[in-house]
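4 protein chains.
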Amino acid sequence: MIIVMKPKTPAIEIQRISEEINGWNIIAEKSIGKHQVVIGLIGDTTELEPSRVQALSSFIEQVVPIERAFKRVSREFRNGEPSVVAVPTPNGVVQFGQDFPVVHIAGPCSVESESMIIATAQKLKQVGAKFLRGGAYKPRTSPYAFQGHGESALDFLATAREQTGLGIITEVMNVADLEKVAQVADIIQIGARNMHNYSLLKKAGSQSKPIFLKRGMCATIQEWLLAAEYIIAAGNSNIILCERGIRSFDSQFTRNTLDLSVIPVLRTLTHLPIAIDPSHGTGRSEYVPAMAKAAIAAGADSLMIEVHPNPAQALSDGPQSLNPEQYQDLMAEMIQVSQASDCRTKLTPQSAVLTAV
Amino acid sequence: MIIVMKPKTPAIEIQRISEEINGWNIIAEKSIGKHQVVIGLIGDTTELEPSRVQALSSFIEQVVPIERAFKRVSREFRNGEPSVVAVPTPNGVVQFGQDFPVVHIAGPCSVESESMIIATAQKLKQVGAKFLRGGAYKPRTSPYAFQGHGESALDFLATAREQTGLGIITEVMNVADLEKVAQVADIIQIGARNMHNYSLLKKAGSQSKPIFLKRGMCATIQEWLLAAEYIIAAGNSNIILCERGIRSFDSQFTRNTLDLSVIPVLRTLTHLPIAIDPSHGTGRSEYVPAMAKAAIAAGADSLMIEVHPNPAQALSDGPQSLNPEQYQDLMAEMIQVSQASDCRTKLTPQSAVLTAV
Amino acid sequence: MIIVMKPKTPAIEIQRISEEINGWNIIAEKSIGKHQVVIGLIGDTTELEPSRVQALSSFIEQVVPIERAFKRVSREFRNGEPSVVAVPTPNGVVQFGQDFPVVHIAGPCSVESESMIIATAQKLKQVGAKFLRGGAYKPRTSPYAFQGHGESALDFLATAREQTGLGIITEVMNVADLEKVAQVADIIQIGARNMHNYSLLKKAGSQSKPIFLKRGMCATIQEWLLAAEYIIAAGNSNIILCERGIRSFDSQFTRNTLDLSVIPVLRTLTHLPIAIDPSHGTGRSEYVPAMAKAAIAAGADSLMIEVHPNPAQALSDGPQSLNPEQYQDLMAEMIQVSQASDCRTKLTPQSAVLTAV
Amino acid sequence: MIIVMKPKTPAIEIQRISEEINGWNIIAEKSIGKHQVVIGLIGDTTELEPSRVQALSSFIEQVVPIERAFKRVSREFRNGEPSVVAVPTPNGVVQFGQDFPVVHIAGPCSVESESMIIATAQKLKQVGAKFLRGGAYKPRTSPYAFQGHGESALDFLATAREQTGLGIITEVMNVADLEKVAQVADIIQIGARNMHNYSLLKKAGSQSKPIFLKRGMCATIQEWLLAAEYIIAAGNSNIILCERGIRSFDSQFTRNTLDLSVIPVLRTLTHLPIAIDPSHGTGRSEYVPAMAKAAIAAGADSLMIEVHPNPAQALSDGPQSLNPEQYQDLMAEMIQVSQASDCRTKLTPQSAVLTAV
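Residue numbers (my numbering), protein chains in the order written: chain A, 1 to 357; chain B, 1 to 357; chain C, 1 to 357; chain D, 1 to 357.
In short, the hints are calculated from the structure, not lab data.
Only a predicted model underlies this, so the values are computations on that prediction, with no experimental measurement involved.
Note that the Cβ used here is the ideal one computed from N, Cα and C, for glycine as well.
Some hints here could point you the wrong way.
To be verified - Pulled a few chain D residues facing chain C out of the computed Cβ check, cut under 7 Å:
| no. | residue |
| --- | --- |
| 1 | THR141 |
| 2 | TYR144 |
| 3 | GLU229 |
| 4 | PRO311 |
| 5 | ALA312 |
To be verified - DEER-style ranges, computed between Cβ atoms:
| no. | chain 1 | residue 1 | chain 2 | residue 2 | range |
| --- | --- | --- | --- | --- | --- |
| 6 | B | GLN328 | D | THR159 | 49 to 57 Å |
| 7 | A | PRO50 | B | GLN126 | 30 to 38 Å |
| 8 | B | GLY43 | D | ALA332 | 41 to 49 Å |
| 9 | C | GLY80 | B | PRO50 | 25 to 33 Å |
| 10 | C | GLU286 | B | SER58 | 55 to 63 Å |
| 11 | B | ASN323 | D | GLU76 | 21 to 29 Å |
| 12 | A | ASP44 | C | ASP329 | 36 to 44 Å |
| 13 | D | GLU20 | A | PRO50 | 27 to 35 Å |
| 14 | A | VAL93 | B | ALA86 | 54 to 62 Å |
| 15 | D | ILE12 | C | ASP99 | 46 to 54 Å |
| 16 | A | LYS8 | D | SER58 | 46 to 54 Å |
| 17 | B | ASP155 | A | GLY165 | 52 to 60 Å |
| 18 | C | PRO50 | A | GLN183 | 48 to 56 Å |
| 19 | C | PRO50 | A | ASP44 | 55 to 63 Å |
What the hints assert, rightly or not - DSBU-like, lysine-lysine: derived pairs with alpha carbons at most 35 Å apart:
| no. | chain 1 | residue 1 | chain 2 | residue 2 |
| --- | --- | --- | --- | --- |
| 20 | A | LYS6 | D | LYS8 |
| 21 | D | LYS180 | C | LYS71 |
| 22 | B | LYS6 | C | LYS71 |
Here chain A stands alone, though its shape is the one from the complex (with noise of 0.2 Å):
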């Protein structure tokens, strides 16, 4: 951590400042340039928060964190090696991670019936996935609008496991419900909504389950990855990042700004998987194959992907579901977009299934 003093700081503010930071068992240690006085803190300040120091004198202009303030998730915690999140489904374990091949989640919103859920998955295992995504609960905007069909929901997504082997996904709004949902869920999805619930993060970070953080709406990198870091730092390091576009100024068009250049950023800073749901990120059907073509030649690592039956009777977020038959298609073109800018070797997604259970 480094603080800069303002020009014209009186030594003796300094001195005092020095002082008090030799207190918490930190060096301080300054240096004069032209115009201000820096000093440079040594020894272990990664939990120091910079507020602290900032209000330690009203000579100090600003205060820069120099090191991280995530620790486990960094990519240096693993000495520069990736993580691998592996799942096992009743299909068998499914590996995320950067040297494995892109794994495929895709899904309804929100689960309507039984019978929608069930066919679904039997098409989707068809085409390739390994994941089935679908809400029991769902977080809406509007306190009038479907709120998903709930503990319901859970029963009809395993019996879709049941029926088809692939694993589920499915999100989690509270603490009260996680153990419920973690009964049926191969993984467990915090939504964007979420990513700043504490309690829940906290809460997931102590039990098993893998968990799919998502990127909050408006949260920055850093504040995404010490999010894991409450997970990981709570005894779950099974986590897999997901990006679902970003809040920016322009809404006309798309529902979000899908931030691809995540996934470049995250695999220098973090050892963990990366995924991206171009479905949220756009709120349109017509752009999510480009988008999830650029994703996979970008390096994603999973890709989680909106399909409905029959998209125009969704009973939420329709206009960004594809249909299956659309996914199929997207698939083959995924799977060719997967060999071909595959400086990591990744694999092609049939062989994401190491070993059966």
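Please arrange chains B, C and D on chain A, whose structure you already have, making use of the hints.
What follows is chains B, C and D alone, placed relative to chain A:
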């Protein structure tokens, strides 16, 4: 709701859509423009989701919701009359609302010790604040940052209330803590990070303590009002809306961008009282006085300001906290501005307590 | 265009507005909903400004423009056909467009010396680029930063063109320099900071060299297309749109947020070719390859990439420049992705030159 | 400037970088932290570009510029003293500055006719405005929108000046028009869309008329001050900074987000006077009064407000224009707030004219 069809949509498709809509007990009325056809939906479309309509056909260019998404929080719902949130405190009932004096809320970011919070409360009472704020549970971006003293902090707040008669406002971060917090708090705060936590909003709506609902850091005004709608729809209409700064592209000099224009905008949209938090809004104590006075001149019903007995030693948010002397000076200025800016006869803070309980 | 009236607007006011509009030779058609009246405007409203309509009455809640604000750049204007921008270069005509191979543009941020630009051009030609970029006039945020070598740099570019046959693309910053720039450039760039410089846009439209129009850093897609409309309305339809990253709330790890979703979005809105600049889009050379490949997979018609013979010594934009070897490696990967992602039969870069001139 | 090296950078690389920097006549001082090495640059680094340093090595994690990028506009440059922009008008010299009364500027968006602008000016003079605004050249998003009456409008402004004695402020959009505009205008406006037009800024700096520099719609405060630095570096220090609303994620109810916190922030950063334009800032006349009063309470030195004799008939910006009666009422309220909020003894508007010329 209005449906704009793409140019050259086949007449038969427009027919099909119209029939689908008529099946929902809504009249679809077609207008044929020079280039495009527009379908107006006549009837009660308040609970109809635009995305459901959008999904009806890929020939739909745009769905324009023209009825407001929120109802019970709207100004129209009370025939244009503002609502009043009357909060009983040991010192008397304090009323928040357009036709009442500005209510001043102050206190430290977090409750650090019993003596600290009591001493602060005494000073604030003298200066003219009606409510003491102080965090027991703190939502922190990093898992390694100070997370608040939890239940023991609630006890300290209860003591401060007893000794000074100030009302207490403190944040709840999850459903499980709500009851505990409600036992101490006169007003329960839902913070910016939880504005989209719908489980918490519903729970907050199912109990009777007033709710201080902060705007999410990238929540639109409509989303914020819909969050309030969650609470009111669940049965609790005692809600105060608080702007605390939104996220913009520039955070070099301020932590957030305080959006004071919400004051006149919300005044036309909703009957609920409006509060401003210039401390989080700017993140720097030196900018708080200017923005506090601006908030009052713009017509805010309440001001929440962070005050700490010794900001340089604060465990959190030191840089944005005033010390008690600064707050006292600011209060004098705020009173002057209140008196001057009063087109709507805001009274002086002293007269905020109407009756002793 | 649609006018939404506030609830409880007097009938006489609606009458008055309708008559006013009828006076403009536009038919005002009233629809009475449950809570609100809506007036549809039938006739040619393309040149009618929403703000003029809004200003008619304070009882107007919202004016919804449903006809597109842009015309000649719209896809409909060419009956759904993409346009082709054919640029003669010494090495032959190069065609930009949806049905043509990806055109590769590369070169340094600024032209630093004659030898440097010639050596770079030779290398780029070998690798497969068709155009050499290089700034003579540089828009710099600080007046103290290197502002480009101006006219002498234009001479160096002319020499590089002669010696390699590559086309030249360079930026013009004001009307007075346009003629000079047009003498050397095969394509004239208008940069992000000048996208709203309407005087320059008009002038660019009144001459015949193709224009490479970068998106303003916070321009909406509609504003960007309207900037192109300025050029086309002034007579020049040879325009290539280039996305170079927008400004978002997070710039800790990337300089801008590269918005690749413009590719599928623009494809449906406009007939103009689409280019992507991942160098400015990310600001860091290590992120350029992933985003370049993603852009191609998403369907970009052209890629502009900063390449400098020695990025560590660059006078500007060093951190985002590849060196020639990195560019060569990336080209191999880009070709692979081009071949794979080709639903629309993009050919390989080598075949971009169709005929010698 | 400070260079933060990545963890585990080889010592020899740090040595190499240090030597490179020493070659620039800057001392590189190394501090070894627990995980990372930091190099402090001591000497005059004001004109050193961070990106040049960043480009030195891929082992550099971050370059932190700690000296301000702007110099002559900084508060320190005048030893903490505010500057005064004194503008001679027929009615006397008007002074803009921290220690002077709020200067009121008003008038229509565009000059529509001679009679209209004269009648407006007469009314504004009565009410207490010192300057008449009115656009001759209008930057419009669409090429099909009204572009202003150009030179003839300048003539009308000259007549209005003669007849009322008000100072004139009008916008220049390109270098070629500057001289013409300067012949009529007492203050020349550079609009938000041209804040990054460096050619225009340089030209504005090379003449002597005061410049009214609006903030770009997504310009950071630093970029805005650097735009002013362009003008001052070219020789003209008579600059007034004007905030007019920035672009945010929410534009449903307001056109822009008026960032009033720039008032206290700029006060600490620069000596230049600060103006606020609540008309563009909100885009709706009904929100203008609240924001105008807020601006004054926050300490603005000048207010620019759109006033049109008949907003419903305005050729541009009607919805955000007050009529003269509304402006008169607002003026009374603004004077009251001025008097109340005066910690720094802002005088009443009437006393703004100090001496007749």
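Hints and how they fare:
Checking THR141/D against chain C: minimum C-beta separation of about 5 Å stays under 7 Å; hint holds. Below 7 Å, beta-carbon pairs count as interface contacts, and TYR144/D has one with chain C at about 5 Å; its hint therefore holds. Checking GLU229/D against chain C: minimum C-beta separation of about 6 Å stays under 7 Å; hint holds. For PRO311/D, the suggested interface contact is upheld, since its CB lies about 5 Å from the closest CB of chain C, less than 7 Å.
The beta carbon of ALA312/D is positioned within 7 Å of a beta carbon in chain C (closest approach about 5 Å), and the interface hint is therefore held. Distance hint check for GLN328/B and THR159/D: the Cβ-Cβ separation is about 54 Å, which falls inside the suggested range of 49 to 57 Å. Judged by the Cβ atoms, the range 30 to 38 Å given for PRO50/A and GLN126/B holds: they are separated by roughly 33 Å. Checked against the given bound of 41 to 49 Å, the beta carbons of GLY43/B and ALA332/D, roughly 47 Å apart, stay inside it.
Evaluation of the 25 to 33 Å hint for GLY80/C and PRO50/B yields a pass: the beta carbon distance comes to about 27 Å. Between GLU286/C and SER58/B the Cβ separation comes to about 40 Å, which falls outside the hinted range of 55 to 63 Å. With their beta carbons about 26 Å apart, ASN323/B and GLU76/D fall inside the hinted range of 21 to 29 Å. ASP44/A and ASP329/C have their C-beta atoms about 40 Å apart, which keeps the hinted 36 to 44 Å range intact.
The hinted window of 27 to 35 Å between GLU20/D and PRO50/A holds, with their beta carbons roughly 30 Å apart. Roughly 60 Å separates the CB atoms of VAL93/A and ALA86/B, a value that falls within the hinted 54 to 62 Å. Between ILE12/D and ASP99/C the beta carbons are some 52 Å apart, a value that agrees with the proposed interval 46 to 54 Å. For LYS8/A and SER58/D, the hinted distance range of 46 to 54 Å is not satisfied, since their beta carbons lie about 37 Å from each other.
Between ASP155/B and GLY165/A the C-beta distance comes to about 53 Å, which sits within the given range of 52 to 60 Å. Roughly 53 Å separates the CB atoms of PRO50/C and GLN183/A, a value that falls within the hinted 48 to 56 Å. Remark: the range hint 55 to 63 Å for PRO50/C to ASP44/A is upheld by a beta-carbon distance near 58 Å. Proposed proximity of LYS6/A and LYS8/D is supported: the alpha carbons are some 32 Å apart, at most 35 Å.
Between LYS180/D and LYS71/C, the direct Cα distance comes to roughly 33 Å. Compliance with the 35 Å bound is thereby established for this hinted pair. For the hint pairing LYS6/B with LYS71/C, the CA-to-CA distance comes to about 14 Å; that is within 35 Å, so the pair holds.
The structure fails hints 10 and 16 (numbered hints given earlier, in ascending order).
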